[in-house]
Each structure stands twice: as C-alpha cells, then as structure tokens.
Amino acid sequence: MKDMDADSYITEDGRRIGGVVMEMRNITLRFGGVVAIKDISFDIREGEIRAIIGPNGAGKSSMLNVISGFYNPQEGEVYYKGEKRPPMKPYQVAQQGIARTFQNIALFEGMTVLDNVMTGRIRQMSSGLLAQAIWKGKAEREEVKNREQVEKIIDFLEIQHIRKTPVGRLPYGLKKRVELARALAAEPSILLLDEPMAGMNVEEKEDMSRFILDVNDEFGSTIALIEHDMGVVMDLSDRVVVMDYGQKIGDGTPDEVRNNQAVIDAYLGVAHD
Amino acid sequence: MPEQFIWGMEVFLNGLMAGVLYALVALGFVLIFKASGIFNFAQGVLALFAALTLVGIMEGQVPFSHLINAVFGTEIHHFGWHVPAFLAILLTMVVMVALAWAVNQFIFRHLVGQEPIILFMATIGLAYFLEGFGDMMWGSDIKKLDVGLPQGINSVIDEVTYNIFGYGFFIDNLDLWATLVAALLVIALVIFAQFSKHGRAMRAVADDHQAALSVGISLKFIWVMVWSLAGFVALVAGIMWGTKSGVQFSLSLIALKALPVLMLGGFTSIPGAIVGGLIIGVGEKLFEFTIGAPYLGGATEIWFAYVLALVFLVFRPQGLFGEKIIERV
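Top to bottom, those sequences are chains W and Y.
Under our numbering, the residue at position 197 of the first sequence is numbered 197, and the numbers go up by one with no gaps.
Every number in our numbering is 1000 more than the matching position in the second sequence, counting from 1.
There may be inaccurate statements among the hints.
[To be verified] Under the rule of at most 30 Å between Cα atoms (straight-line distance), these lysine-lysine pairs were calculated in the BS3-like manner:
| id | chain 1 | residue 1 | chain 2 | residue 2 |
| --- | --- | --- | --- | --- |
| 1 | Y | Lys1220 | W | Lys81 |
| 2 | W | Lys81 | W | Lys38 |
| 3 | Y | Lys1143 | W | Lys89 |
| 4 | W | Lys175 | Y | Lys1220 |
| 5 | W | Lys175 | W | Lys164 |
| 6 | Y | Lys1143 | W | Lys138 |
| 7 | W | Lys175 | W | Lys205 |
It is worth saying that the hints were derived from the structure and are not from the lab.
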C-alpha cells in the first residue's frame, strides 16, 4: 500500500518515490478580470509521474506556465526543493533545473536535431565567453562530455536516424520526441510535459507513453505532465491533479480520482451552478 | 596578352578587395538581424562612432570637451597623452560593449515583440542619436586614423606582375590587410556561431524566443552579446575605412553600400555577406571599367550595385544563401 505521508515509498512496480521536490501553495492567477487558476495547492514528489488533467480551458497550461516561470501568480507561493521561490524569469527557472516542452512545440526549426538537443545542455556548460571564443582545453572537454550525454539520450529516444536533419523537415510526432530529448538533455530535476500526446494517433500515443515511462524508469526523472485525454494519463501516472474552471476538484492516485464524483461530473459535463 | 585583359585583372583584384570592405559592414547587419530580427539601420553610424572613439582615445582627446568647457568655463581639450593603438582598440571595444548594453537596456528591451517596422524605426532614431552623440563626445572635425597598418602600393606585387605582364599592378597594402583581417574575422565568427555554447544560444534565440527561454537562455544576455559583436565588427570596419579615407561623417554612409550586399547575400547568412560583398565589389569595378567609363560617361559605381541587387531580388528574393522561403498552404 502507498503511504502518502511518509517521506518516500516504493511503488507497486518497484520504483522509489522520494520526498516533495516542488510544492504549489494557494496559487491564484488572473488575467485582468479572468481567473485562470483559483487557490490551487498540490505537490510533486521526486521520481514520480504527476499528471494535471482537466477539460479544455481548465487552467492546466496556465499552471504549467506558473511552474516554469512563464507566468507569475498574483497570489500563493511556489516552493522548490524546500525553499520559497521568488518571482523569476523563465530562463532562470530553467537554469534551476526545470525543463519543459510545449503544447504547440517550440523547437529551433532551422537547427538540426543534434543542435536542438545540444541547446538543452546549455545549463551544464560553464565555460565563459572567452574560453569558448578561444576554444581550447576546458571548453573542448566540456563539449565532448556534453555530446556523449546527448548521444545517449538520442539513442534512448530512438531518433539517431534523424540526428543531422533540420527539425523543420520532421513530421509532428518526431518533433514531439525531439522536444522531449532537448528537455531531457538538461538532466532536469523536474520535467514538465505540456500535452505530450496532443494531436497524435493511437500508435504515436503508445510510443510516447512508453518513452515517458522509460525516461522515468531509466533516468529517474520527476515528470509533471498535462493531458486532457484521461485514458492515457491513468495508465501512466502515480498521482493525478484534476482541474476544472481554474479550480482543483480532485487529487490522488488514478483509482481515487476515477471514483471521485466531482471528476466524473466534470468529464461528463454536468451543469455548473 | 592583350593590355585590356591585364588591366581587367587588376580591376578585378581591386574589386575583390573593395568587396571585402563592403562585406565587413554587411556582416554587422547580418549578426543583429539573425539574432533579433532587427534590421539595424545604425550599423554604419556604429562604425563611425567606433572609429571616432578609437581616434579620440589614441589622441588623448577629452570626451565631451566642448560641453565641459562651456559649462565650467575651462579650456581643456587633451589629456596630453597618446595611447598605443593596441590598447586603444581594447578600450574602444569596452566602450562598444557598454554601448551595446545601453542600446538594449534603454531601447530594445522595451520593444520586445513589436512589429519589425517599429524596431527598424528605432534603429533609425538610434543612428541619428549616435551621430549627434559621437559629434558631441569627440567633435565633428575630420580626423586621421593611423593604427600602424601599412598603406600605399605593395611593391612585391607590383614587381612580380611587372616581370610577368610587363605591367605592374597597383594593389594597396591596406586593402591586402583588410582582406586578411576580414577573412580571419569571418572564420572566427562562423566557428563561434556553429560550435560554441554562446553561438548556439545565439542561433537558438534567433530561431524561437520561447524555446530559448525554456532551455535557460537569457535573451537579454544574448542581445547584449550580439550588439557587442556587431560593435566589434563595426570597429574593424571603422578602422579599415577610417584609415583609408579619414574618420568623418561620410563614414556612416558605408552602411548604404552594405544594402545591395545584403540583398544579394541574404540577410541571415554570414557567408552570404562575404560572397555578396565580393560580387558587388568586383561587379561594380568591372562594369565601370568595361562599360561605364567608356560608354556611359563613368560614375556608374554609385548605382550599379543597387541595380545588380534588384536583378537578383527578382529571381532569388531570399538572396544567395538566405534561408529558403517556403510557403505551406
């Protein structure tokens, strides 16, 4: 049995889930008069696959943008690794080790797959501008080391055959995988996936599910993902937050969430009063 | 060998080297356009400003001396020292980096996400501001710039060609140096852009802002870096053109010579800027030599480059090396 209150536990399939790595406390986000997120709290544990689900327009993407620093909430606090996080720019959040993908894919279309994935390593490259310009010693060793890690990820996600292809020429499903590779290359403490299965056919969805599970298993990555397709998420995640109209209506294991009346109502479309 | 052909060869070589100088200016445009989508009208003034600052530092001029004297009733113009060229170039580079920072901090940071035409207008404003600022800082008199680059006819080439053709080519030493420096600069820039961390980050920012942010790239840092690089290229161009024809206002007009080069080479390609510059340089010199001077009354160099660029635009709107424009329906 899972014990949510203990600091860590072992899942049924033998993965170790650690303590809380990120906690959202009473987050409220408004755009003008529109409340996108209303007083939501939840946490993400180390090593788990945490899903945020909900119908279209529920505020899932807004929540992901709060975590990744693209939006700063008007109220509430974000705790990361036990410390309260001040308002930050997205690139600063990324430098702290939170990598993400985008619902509509944001890749560098003019660059090759390899170059795209290499940009994910920017956080790991420490050589200064001058060292880079002179291109010797440390910078070179760093580049070699980063290349090795990148090649490992490329192999793992089975995109070796398109390494040198400009991303702009790739089909949608492969682009999604390259974006995952780039995020993974950052060796993030938290990997945020914004609708990783959006717009995919059944076969591609199965592939992507397998990759997400494998990534979590092989690299021990903590993954938080957004999805509106409930079926996929239930098989994949350890715990699920359910949002509707900007509010949290459920939080727990897939089984708990599946039997939650509010969640069933939201998905079957019961009238709100 | 017919005389005409031999003269033509000399014209060709001189055209190549003039082209290198055009390419140097065009490079500055390409760098900023690639990384931020800004067509920097101020690139020519940047070269003028860099050259003014370099001369000012070398001569030990007191910056803003006119203003200082007017306010405090003093009569100071010079510190009374001379700074060696190498050190002065380094100090000028520091000034150009500071300028890059200021340009980003006070102008372009506030215009993120605006239409390209608005960014373009901002660079026109910047160009005229910088022109006045440079005047105020260093005075508007024509200055001589000498950083120790050799000038005058290259006697080796003169002698060798005389022995072969019975006619000595006139090749200026300064042009030879400019070619060498430009070649090294381009190689360094290409290596930097393709293989370094910051070069990759620069290309990433040029491609997609949101994605760049998400992998931890600071847009501000990259923009300041790119404007600094453009300032550096402007400094090199300013040194070459300034040594050739003196540091004066007309230096800023070399930017106009870079436009046809860009139309030819494409706004996004570093090699394109070089090849475009060479084609324009050779093209206008050869045209003047073969058709312009004998049949059209000369002075075709003023407009030939633009006509050549127009013809290219009609057949290849993205330029020689520009990214292909593909419309998907």
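Evaluated hints:
no.: 1; hint: Y:Lys1220 <-> W:Lys81; in the structure: 27 Å, holds
no.: 2; hint: W:Lys81 <-> W:Lys38; in the structure: 24 Å, holds
no.: 3; hint: Y:Lys1143 <-> W:Lys89; in the structure: 46 Å, violated
no.: 4; hint: W:Lys175 <-> Y:Lys1220; in the structure: 27 Å, holds
no.: 5; hint: W:Lys175 <-> W:Lys164; in the structure: 13 Å, holds
no.: 6; hint: Y:Lys1143 <-> W:Lys138; in the structure: 44 Å, violated
no.: 7; hint: W:Lys175 <-> W:Lys205; in the structure: 13 Å, holds
Going down the numbered hints, you'll see the structure goes against 3 and 6, while the others check out.
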